[in-house]
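**Q** The lines below spell out each chain.
2 protein chains.
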Amino acid sequence: MRSIVSFYFCYLLCLCLGIACIVLVTTWNSKWRGGFAWDGSSLQFNWHPVLMVTGLVVLYGNGAVLYRVPLTWGQNKLPWKLLHAGVMLLALICSVLGLCAVFDFHNANKTQNLYSLHSWIGICTTALFTLQWVLGLAGFLLPCSPMSFRKLLKPAHVWMGGSILILSVVSCISGINEKLFFALKGTTNGTQPYANLPPEALVANSFGVLIVLFGLVILKILSNPHWQRQEASEDVSYSVSATNLLMS
Amino acid sequence: MRSIVSFYFCYLLCLCLGIACIVLVTTWNSKWRGGFAWDGSSLQFNWHPVLMVTGLVVLYGNGAVLYRVPLTWGQNKLPWKLLHAGVMLLALICSVLGLCAVFDFHNANKTQNLYSLHSWIGICTTALFTLQWVLGLAGFLLPCSPMSFRKLLKPAHVWMGGSILILSVVSCISGINEKLFFALKGTTNGTQPYANLPPEALVANSFGVLIVLFGLVILKILSNPHWQRQEASEDVSYSVSATNLLMS
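Each protein sequence line maps, in turn, to chains A and B. For the first sequence, full-length UniProt numbering assigns the number 1 to the initial residue and increments by one for each residue that follows. For the second sequence, full-length UniProt numbering assigns the number 1 to the initial residue and increments by one for each residue that follows.
Where hints are given, some of them may not hold.
Simulated DEER-style distance windows between Cβ atoms [stated by the list, open to error]:
#1 B:Gly-86 x A:Ala-108: 51 to 59 Å
#2 B:Phe-36 x A:Lys-110: 32 to 40 Å
#3 B:Cys-16 x A:Ser-223: 24 to 32 Å
#4 B:Lys-31 x A:Trp-73: 55 to 63 Å
In silico negatives: residues of chain B with every beta carbon more than 12 Å from chain A [unchecked claim]:
#5 Gly-35
#6 Gln-44
#7 Arg-68
Derived lysine-lysine pairs resembling DSS-like cross-links, with alpha carbons at most 27 Å apart [unchecked claim]:
#8 A:Lys-110 x B:Lys-185
#9 A:Lys-220 x B:Lys-220
#10 A:Lys-185 x B:Lys-179
If you are wondering where the hints come from, they were derived from the structure by calculation, not from laboratory data. Note that CB positions come from ideal geometry on N, CA and C, so glycine has one too.
Please construct the entire structure, taking both the sequences and the accompanying hints into account.
**A** Next up, the structure:
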C-alpha cells in the first residue's frame, strides 16, 4: 500500500512536471521569441523546441511509465499495449515534425544542418526512437511475432527505452543552452545579454531544470522493481487474445 | 558464466571509452585551444573540461561500478568500500579543481559566473556529488553509523549515484556544445566556423558522443541485477570488521 502511494506521488509529480515543461517552452517561444508560423522564418524554428519537448520528453516519458500504473495491473494488457504504442507514435510524430521545423528553417536560411553536438545527439535520439518503435510494433503487437523474438527483444526494449529518455534530456538541455547564447547576445533590439540573466533567460533556464527533473522522476519510476507489472504468462495470454482480436 | 563474460565485455568497453574521453579532451585543449596554464587566461579555462570529464565522468563512472566486478564478490567488502570512497574522493577533488579553474578564469576576466543552463546544472551536479560523498562516508564507512540509517540511505545512495552520472553527462554535453559555439566563430585567426565542421569540431563532437556512450554503458552495468553483489548479511559483518580495523 505504501509502495502504491509512493508511486502515485511520483506519477503526479511527473504529470505536473510534464505540463509545466510544455507551458514553459510555449510561453518562452510565444512571449520572448515572437510566436509561431510555418514560413521558413525564425517563427518556424520556434516550433522545434515546443514539438521536441512535447514529443521526445513529455509524451515519451508518460508513454514509458504507462505499464507501471497499478490501476492497469489486474487488467488485460492488450489495450494498455495499444495505448503505449499510440502515445509513443504521437511522440514520434511530434519529434519528426519538430525536426522538419528546424531543417526547413535552416534550408530556407541557407544554414548548414547537423553540425553541432546538440544536432548529432538529437538526430541519433530520434533515429533510435524510430527504430525502437518499429521493433516494438513488430515484436510486441504483431501476433505473428515468435515468442523467442519477443523474449530476446524485451530487455533490449526496456533498456533502450531508458537510454532514449536520457538522450532526449541531453539533447534538450544542450539545445536550450545553445539557443539562449544565440538569442541573448545583448546587441540588438535592446535585449539584455544572457550573462545578465534577463527574465527570458531565467524562464528558459528553469524550464531546462524542470526537463532534467522530469527525466529523473520517469527513470526513478522505471527502475523501481516494486512498480513493475508482473508478466508471468501474460505474453502468452496476450498472444492468444491479440490473435482473437485481429481474427474477430 | 555467460553473464560474467558479458560483464567483462561491458567493463572493458567502459574502460576503453573512459580512456578515449580523457585522451580526446586533452588533445582538443592542447592541440586546438593552446594548452594549459593557471594564470587567469583562457589556458586556465582549458583545465575546466579536462578536470570535469576526468573527475565527474570517468573516475566517477569507474568508482560507481567497482562493486559490480565479480572478482570482488567473494572477498571482504571493506577494502573495496575504501577503494570506492577513495576513487570518488579523487573524482570530487578533480571536479572542485575544475570548477576553480573556470571561476578563477571568469573572475580574472570580469565575466559573470553561473548564468548559463550548463553552469546551473553543472554546479548542482557537483553539489549533489559532494552531499552524496559526505553522506556515503557518514553512512557506510563510519562504524558508529546505525544500521537503520544505513538501510535507509542505501537505496537513496544507489539512486542518487545514477542520477549524478546522468547530470554529469548532461552538463558535459551542454558545455562542449557551448564552448564550440564560443570558440569556432570563424572570424578571428583564420579559424573555420563550427558550421563547416573543421577538424576541431569533429574531434570535440566525437568526444561528446563518447561521453554519452560511456554514461550509457556505466548505467547499463549499474542496472543489471545479475551483476549486483549479494549483500545478505555483509553490512553486519562489515560493521564488525570495520570496528575491529579501527580499534586494532
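**Q** None of the hints should be skipped; say for each whether it holds.
**A** Outcome of the hint check:
Gly-86 (chain B) and Ala-108 (chain A) have their C-beta atoms about 55 Å apart, which keeps the hinted 51 to 59 Å range intact. With their beta carbons about 38 Å apart, Phe-36 (chain B) and Lys-110 (chain A) fall inside the hinted range of 32 to 40 Å. For the pair Cys-16 (chain B) and Ser-223 (chain A), the supplied restraint of 24 to 32 Å holds, since their beta-carbon distance comes to about 26 Å. For Lys-31 (chain B) and Trp-73 (chain A), the hinted distance range of 55 to 63 Å is satisfied, since their beta carbons lie about 56 Å from each other.
With a cut of 12 Å on Cβ distances, Gly-35 (chain B) stays outside the contact zone with chain A, its closest approach being about 23 Å. Every CB of chain A is more than 12 Å from the CB of Gln-44 (chain B) (nearest about 19 Å), matching its label as outside the interface. Separation of Arg-68 (chain B) from chain A is adequate, the least Cβ-Cβ distance of about 16 Å exceeding the 12 Å criterion. Taken as a hint, the Lys-110 (chain A) and Lys-185 (chain B) pair is honoured in the structure, with Cα atoms around 17 Å apart against an allowance of 27 Å.
The suggested pairing of Lys-220 (chain A) with Lys-220 (chain B) holds, with an alpha-carbon distance near 15 Å, which does not exceed 27 Å. A threshold of 27 Å between alpha carbons decides the hint, and for Lys-185 (chain A) with Lys-179 (chain B) the separation of about 15 Å falls inside it, so the pair holds.
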